[in-house]
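Trainee: Top to bottom, those sequences are chains Z, D, L and A. Taking the numbering used here, I'd label the letters of the first sequence as residues -3 to 339. Taking the numbering used here, I'd label the letters of the second sequence as residues -3 to 339. Taking the numbering used here, I'd label the letters of the third sequence as residues -3 to 339. Taking the numbering used here, I'd label the letters of the fourth sequence as residues -3 to 339.
Mixed in with the good hints, there may be bad ones.
Identical chains share a label here; the pair holds if one copy fits it or two copies do between them.
[Unchecked claim] Calculated cross-link-like contacts (lysine to aspartate or glutamate; reagent style EDC-like; alpha-carbon spacing at most 20 Å): (1) K160 with E22; (2) K39 with D183; (3) K309 with E331; (4) K31 with E1; (5) K218 with E127.
To be clear, the hints were calculated from the coordinates, so they are not data collected in a lab.
One-letter residues, chain by chain:
Protein chains: 4
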Amino acid sequence: MVSLECDYNNGACDQILQRLLETNRERLPGYGTDKYSLAAKEKIRSACGCKDAEVEFLAGGTQTNAVVISSLLRDHEGAVSATTGHINQHEAGSVEYTGHKILELPGIHGKLSADVLRDYLLQFHSDPNREHMVWPGLVYVSHPTEYGTLYTKSELSSISAVCKGYGIPLYLDGARLGYGLMSRDTDLALQDIASLCDVFYIGGTKVGALCGEAVVFSGIRKPMHFTNAVKKRGALLAKGRLVGLQFDTLFTDDLYFRLGEHGIRMAERMKNILRDRKIPFFLETPTNQQFILLEDGQLATLSEQVSFSYWEKADEEHTVIRLATSWATTEDELEALRKALVF
Amino acid sequence: MVSLECDYNNGACDQILQRLLETNRERLPGYGTDKYSLAAKEKIRSACGCKDAEVEFLAGGTQTNAVVISSLLRDHEGAVSATTGHINQHEAGSVEYTGHKILELPGIHGKLSADVLRDYLLQFHSDPNREHMVWPGLVYVSHPTEYGTLYTKSELSSISAVCKGYGIPLYLDGARLGYGLMSRDTDLALQDIASLCDVFYIGGTKVGALCGEAVVFSGIRKPMHFTNAVKKRGALLAKGRLVGLQFDTLFTDDLYFRLGEHGIRMAERMKNILRDRKIPFFLETPTNQQFILLEDGQLATLSEQVSFSYWEKADEEHTVIRLATSWATTEDELEALRKALVF
Amino acid sequence: MVSLECDYNNGACDQILQRLLETNRERLPGYGTDKYSLAAKEKIRSACGCKDAEVEFLAGGTQTNAVVISSLLRDHEGAVSATTGHINQHEAGSVEYTGHKILELPGIHGKLSADVLRDYLLQFHSDPNREHMVWPGLVYVSHPTEYGTLYTKSELSSISAVCKGYGIPLYLDGARLGYGLMSRDTDLALQDIASLCDVFYIGGTKVGALCGEAVVFSGIRKPMHFTNAVKKRGALLAKGRLVGLQFDTLFTDDLYFRLGEHGIRMAERMKNILRDRKIPFFLETPTNQQFILLEDGQLATLSEQVSFSYWEKADEEHTVIRLATSWATTEDELEALRKALVF
Amino acid sequence: MVSLECDYNNGACDQILQRLLETNRERLPGYGTDKYSLAAKEKIRSACGCKDAEVEFLAGGTQTNAVVISSLLRDHEGAVSATTGHINQHEAGSVEYTGHKILELPGIHGKLSADVLRDYLLQFHSDPNREHMVWPGLVYVSHPTEYGTLYTKSELSSISAVCKGYGIPLYLDGARLGYGLMSRDTDLALQDIASLCDVFYIGGTKVGALCGEAVVFSGIRKPMHFTNAVKKRGALLAKGRLVGLQFDTLFTDDLYFRLGEHGIRMAERMKNILRDRKIPFFLETPTNQQFILLEDGQLATLSEQVSFSYWEKADEEHTVIRLATSWATTEDELEALRKALVF
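Please construct the entire structure, taking both the sequences and the accompanying hints into account.
Mentor: Quick look at the structure:
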């Protein structure tokens, strides 16, 4: 069985396991105050070109979104998101669980547009009833999006400018950031993201780590008593070294970027295979997730040899599925996919 | 100045004030256990044709929505609503404050359609990722809607059938129910609503009372420990008699319906005046709220003599405003409106 | 049956009903922006000797406590209260429902002591683990307390000084403030309270109103977007005039104080009756609540003629009950009590 | 420097790292559905002697407490805990963050007594005002407690019987369960705990794992849609294998118990050293945490060579500190402690 259903069906990259072994017997203080966590923060600041950024580590993506969003929003505020945003669709209502509304705006292929955002904010702030409404207090974007698409530097700059104009922080969910940064069709570097966003997270779970995400407050200060907020939300790891060491490793010798690059190289190869096999794309993307359209008979056949993700029904007889590569995908796996794509 | 900006710019109907005076010196137990509250519940059950219904009183509409929805939803559930639903737009995120998501569906002129609802539920329940999503656990409709429109018996029956098919309670927000019931274009009686909905509220604040809404659990049992839930949400009035007595009065001698009928009669007269004056309707409705389109110059002129509600900008030069009648609107007020509508 | 079980078993004072009648037909804007609400705020500021205070109206005590406390606390903070505090015992967990802990300290007869508070704060702020703990972010006291007791000016000054020393707002729950202010054994005037506390509420429900409490921010600014916070918590009355007009009346011609004085005069008379009848006090208080100790046989006898509140079991054969007077208690009622107290 | 400040200053036991290496390249499904998680659940059920138990894995202790407690409590309920309970003191209000109160009862050396619990429940259920109060809906105990103490089988049986009598689930926090089970002064085996408690967790973080706790529902069913509840609270790990594999390892060949036994052996040796050095115990315990009393001069001296945890000030000149052993403590470390304990 070839596993292409997601980018977290693997363990960690070898370098991470090696360093876990090497440092295992050290006595280190807890809760992220260990030297590896501190070193990792410094390396991330450096990679972001943002020497004053504050960096914090959390265990997973949904947790990170809920902790960051709920600790930044004020009582009367909610988070603006594209309807398709992960926080709005696939996080089980974890933002609302913290007492805050998600303010949905229509997106295109997962992306929010600066124009739609600007119109909404203009309308909101001219509404005489706004004191009875949830105020937009943060803008959430994902990059890559849930559909594998990417913002251009121009697009993200426009969104950033709108946010700055209204004094609203821009937050970027980088669960798969490594693949976005190494896409062959992007002009957005990590330093651009750090500069355009107020806060964002660099995803580890899907890019080489066992678990862990690095939150970077590059444009605003982290909330006061952030450790307390993390603890209160059940998200503080006693052995913070576990995530700190992983990010220290990922940001040594550009490992994070090399892992992302591998995932992209595998994705490009997979796209070629799909094209060779004349499989119609529902959405062909510049990152590690590809969405294809299969007849339901093909779907059944494929499912005997390949694990994939169901995405949505296209019509009575067709289904959209997602195939994802990752830092761990092998050429053998893609060859097996090629062989399985004979209907 | 003529006040037509809303239906809560008045006091209470005379009968209510009279009975407050008459009963003022009585010593009565608190928290809604007084005899007037009990009598009111019985009268409401009778009017609903639902002798087993449980009735509870709360102070206001947003409070009622939040208490009812949050005490009915289970942990993994959210409330389905049209995008324009009052809970989704103008209640400051009070449902989300209780930790539950509102699941938006597109509506038409404020109304949810059974087809849209059915498609959504079908898709949700066939989604393999649904354990990571918020489950639809209640369907919210308002009647009249925020746009003054009404469901037909056939439409509400279809929605009710979809809900029953999925075992999801149907909840109707009747903030302006009196006007809906007495509309000249409705085939939905109170008993129909009690029969088709699982729970709904009969609005008092906008139909003759100083404050107060009556929640009717007609199709399901009220949640266990409901008094505790009300107290926990800060919504338990010590002098429950205040709301109980008002509803006892409103449901004596059909007063609630007569007040609604007055509001509708005034609305019909107002519509005639608007038509006479050739004022274009943005939305002409069968209830007590009318939405008209004015040039911004007209708007400025009108605002010197008439209080109205800003609704939305129509385009660069036009604005939509709302004019509302109520149980308290007088013919003199409408004549003054007529005079003011000369541009 | 004589009703002495509580101080909210009555309607409103005559003056309030009279003014409701007089103003009933006026068209007034909603949500507390009407002229009566504005006038009431001004009168309260004046009575408090605090011309810059911000005043807001809410419907009931539990609601007021939850709204004020949750909108003042920051994410990492909780509210300090005596164990016996109403918020900690009899509000169904409404503060915790907003996501904040109540930090219990032992009290004496309902009162918190400055020494206990100071020791706790000193210990907390020297605890190296405090980032894993809930920070004291507000101090809650009630006056009169749940046991009818009162702080002296010296005691409240000491608590206030401790709070100021730590930069923590002091909040006073004045559900029965009228009785406290008019007690014959108090040296705390309303202006003292306004000066010593940062925020407090003047209880209307138990002192002459149908419903309503007036929150006074005398030492700190009210939170930004407070109307939104009130709305979000389901506590915004559409017809804000209902509470505003009541407080406008209560603070005209010292009515609030005269009502309190009546309740105290009746309480003093009741204490005399209890002493005459040789009924042992569990707690004799300077306000309108008295706690007496009855043999269970006496209890049964009394309950045939008098309504009282069960307080707690004293031992196998004795029970503590509460008798409360109010602004509405009559001499006839007390005479009936005297007659019933024959065992 | 000798690190005895806590039991989570280490990495993982060798066997866990070895298995992470061995399985690293396997493609496994996410969210705890992998074969190692399933195998671990089976082994835990077997070790608990409870073949129908449901087992779930979470990342850390505070998270586990908040997820379990908030998903078991109903709207009107809170969790009963000793005042010293970890959830009540050192989890930053994470239970209250979910909207539920902690109902404090006095404990002795961290332990709740069945008598105190029974009296409280009896009093609560006879209180006529209980609908205005938070209902006890779960009893929380920790074993070992925060003070290193242990319940006897008789004590836990009594608490269990009280809980059963009131139909309230008993939940045991086993953050350090391995040390409790292997104490030389315990008669409580894992199977006893599974039998007496309704739900409990077996702590991994402090007993050999990098992270992770295993929740065992032995006496009640796990809540419906538990995965959704976990996701909603930000606690669902994408790579569930990380915790599953660790517990699979810990429950192979009694490793968990052997690790616990080592921690206890080291603790006994440390106690001997402390006694040899005539260091007064503040609390000598049967588990891996020991509390000693030092003069502040001694404290300063010791802190140059030994890391310990500040516990509390004993008086002006003395301080209580905690020294903890763990599965990773070495004899060399204890010898270094011995050498450092010369004042």
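Trainee: Within, between, both or neither: how does the pair K39, D183 come out at a Cα-Cα threshold of 20 Å?
Mentor: neither (22 Å within a copy, 51 Å between copies)
Trainee: Between the shortest in-copy and the shortest cross-copy C-alpha distance, which are at most 20 Å for K160 and E22: within, between, both, or neither?
Mentor: Classified as neither; 45 Å inside a copy, 45 Å across copies.
Trainee: Under a CA distance limit of 20 Å, which applies to K218 and E127: within one copy, between copies, both, or neither?
Mentor: between (27 Å within a copy, 15 Å between copies)
Trainee: Is it within a copy, between copies, both, or neither that the alpha carbon of K31 lies no farther than 20 Å from that of E1?
Mentor: between (36 Å within a copy, 17 Å between copies)
Trainee: Regarding K309 and E331, is the shortest C-alpha distance of 20 Å or less found within a copy, between copies, in both, or in neither?
Mentor: neither (27 Å within a copy, 58 Å between copies)
Against the hints set out earlier in the document, violations occur for numbers 1, 2, 3.
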